[in-house]
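Asker: Chain residues, written in single-letter form:
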Amino acid sequence: MVGTDASFSPDDPLVLSPWMSVEQLDDSAATIFLSSDGTRLRIPRSLHRLLLRFATATSPHEVCGTSDPAAPAMRAMAQLAAKGFLATPGSAAVPPERLVWDPPVRMFDAPAQKLRAAQADIVFLGMPWDFGSYTAAGARRGPSALREASLQILYGLDRLTGRPLGWFDADRRCPVLTGVSLADAGDIVVNHGERHAAAFARASEVLATLTRDGALPVSIGGDASTAFPVIELAQRAGPLDVIRIGRTLCDANALDAPRLTAESLPGYALSLPNVERYVDVVPTVMQGDGVDRSQRYVRVAVDGDAAALSALRDPSQERKRVHVGIDIDSLAKASDSPSLPSHTYAEVHELLLAIGRSYRIVSVDLCGADPGVAGWGGVAMTALHLLLTALGAAKDPV
Amino acid sequence: MTDHGLFGWPRGEITSLVPGDVGVIGVPSDFGNAYVSGTRAGPEAIRRSSASMPLQDVAGHDLGDVDVFDGADWPEIVERTGERVRRIAGQGAMPLVLGGDHAVSYAAVSALDRVGTFDIVWFDAHTDFCPWHGADWHNHKQVLRRIASLPHVGRLLVVGHRGITYFDESLQWPALEVVRSASPGHAPSIPSPWLEGERPIYVSIDIDVLDPCIAPGTGHPVPGGLSLDTLCNMVRTVARRRHIVGADVMEVNPLLDHEAMTSRAAAEVLSVLVRARLPHSLPATDGALA
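Protein sequence lines correspond, in order, to chains A and B. First residue of the first sequence: 1, per this note's numbering; consecutive thereafter. First residue of the second sequence: 399, per this note's numbering; consecutive thereafter.
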């Protein structure tokens with residue numbers, strides 16, 4: 001969370017934050033904006049006039065004409081200081097680190113989620129990072145492009161009760177996600193040039209805040225490595241299996257790679273204390289390794305042994321916790337070469353439903369969406385259909 | 399504009415048509431799609447793609463495009479399109495309309511009121527049954543609901559509906575029947591009652607009925623669509639068994655296409671339709687219309 005060091009005292013001088021600006025001003029009100037963290041407030045014009053008196057360091061006592069902390073003007077100043085519009089002189093030259101950017105539109109037009117514990121059942125976080133794989137160039141634009149495409153299938157609320165309407169799966173002839181609330185927290189800030197550890201630590205911090213009250217986190221990449229923060233978060237709560245649908249070739253060397261990439265994601269995930277098994281589900285034509293419950297890293301082919309995924313579960317346990325990842329780049333698309341091994345939509349749709357029946361899905365990532373590919377509209381709608389299918393499998397498995 | 403018409407047929411006038419011919423018009427309109435434009439270039443893209451599949455064994459004339467970009471509003475475009483369709487049918491020929499967004503189909507269907515009651519087979523990923531409240535305007539999401547309100551329209555069959563929707567669209571109209579895109583292990587087929595009877599059929603093909611891997615060039619793709627073979631087989635079956643009163647192909651958007659895959663698929667399914675249709679002409683509905 002963005003911090004402020006303006007510990008408020010009526011007699012200690014404060015100064016306007018250099019990151020404050022006025023977006024709108026009329027006779028009765030002003031909209032003030034803090035570019036360091038995106039906070040936006042609409043305040044009475046009289047309060048705005050008082051605020052401007054902090055252009056040079058001044059004490060609230062002097063501006064408000066009282067030191068009574070219960071006085072309305074003093075309470076307002078304390079709130080503006082708490083939000084960062086007023087700062088201790090000299091303290092705000094460097095803005096506090098901003099963790100997320102607000103997207104221009106939100107996933108399915110769901111409500112925006114502020115950087116605090118989400119009360120929604122599901123919360124989205126964009127990970128516009130594509131430095132984890134040479135071939136993923138363009139995927140940094142995946143989160144914003146998927147949000148734009150998602151406006152074709154809007155999230156809706158009952159006008160009387162506020163209950164989420166959900167959708168209807170015409171293929172299965174059943175409602176999906178009825179009563180399940182969604183929120184979108186925006187995109188993780190990526191400072192290009194920084195190490196992945198810095199960006200991903202930011203993501204971990206944000207995800208931990210957002211999910212503190214139990215929301216199911218959904219990471220929208222980015223390349224496949226962006227799944228790591230949400231996997232790391234999910235395993236904090238207990239034993240976890242990871243099932244990722246893709247076609248990344250992972251070999252033994254990659255499991256011990258020094259750098260987090262799409263290829264080394266399994267190794268990084270398996271190094272986490274509570275990740276018990278990592279399953280890569282690959283297209284039919286790629287060879288799977290078969291289902292071996294003694295192995296922590298398993299590769300299965302979707303049309304062969306994926307049906308036996310449930311055999312990986314310990315039958316003595318109730319539906320085991322699982323993270324589900326979907327690499328959209330591995331789905332068949334119009335521009336694919338016929339020789340490229342690809343998943344079909346129908347296979348992945350069925351697989352997600354099967355996972356929901358056998359496991360308890362506690363987190364989801366969707367990655368590999370590159371709006372620069374030919375036929376992006378079809379790719380995007382495929383991704384969004386599979387995302388809603390995965391979320392339905394998590395929240396209303398049948 | 400291409401020199402030759404669809405399938406290499408000559409460019410012509412209404413008077414060129416004789417009973418049994420196919421009369422082609424293009425309607426380069428995307429007035430009915432609020433989300434994305436580009437289907438205005440659909441008719442020309444389909445004609446270009448059809449150049450590699452000439453149909454010398456089927457008689458047809460391409461009458462060119464309806465004027466759209468001369469300041470006309472949508473009701474005027476509907477009227478212009480309807481007038482052309484009426485005149486083609488008046489010659490005893492089969493009108494074949496190249497879209498354009500799917501809202502255009504209303505213009506063709508409404509203009510065939512003198513044919514008598516006919517049924518509609520609507521190949522589409524969507525049912526196009528969003529609420530429509532009786533205005534002059536409708537969009538491509540409402541078009542089948544508006545068509546259903548026409549007194550000369552009988553039963554409606556939507557083939558290929560699928561995906562995530564807002565509600566159960568298959569229950570929107572008593573005379574509406576829906577064949578879903580696929581159930582595991584089964585390719586969809588035309589229900590047998592739809593292959594019998596004397597009542598004519600209008601066939602409308604929204605190219606998004608195909609899977610986006612086959613037809614990416616369309617504004618509202620939905621995963622899990624039909625294969626081109628499956629679509630062609632169903633169109634062939636209908637055309638061989640029922641009398642086709644008119645047909646269209648809609649929602650081809652070349653701006654979103656990849657290597658003309660979508661316009662080629664559209665041309666291919668149209669070639670199947672015109673080759674397979676029953677070898678009798680429509681009765682000339684009214685000479686005065688010609």
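Each hint should be verified, as a subset may be incorrect.
To be clear about the criterion: a stretch of chain B counts as covered by chain A if any three or more of its residues have a C-beta under 8 Å from a C-beta of chain A, and this derived list gives those stretches [claimed, not checked]: (1) 445-451; (2) 561-573.
Far from chain A by the CB rule (all over 12 Å, computed), these chain B residues [what the hints assert, rightly or not]: (3) GLY406; (4) THR413; (5) ASP517; (6) ALA523; (7) SER547; (8) VAL576; (9) ALA580; (10) GLU594; (11) ASP609; (12) ASP655; (13) GLU657.
No lab work stands behind these hints, which were simulated from the structure alone. Glycine residues also receive a C-beta, built at the ideal position from the N, C-alpha and C atoms.
Asker: Checked against the structure, which of the hints given earlier come out wrong?
Answerer: 1, 6, 8, 9, 11, 12 and 13
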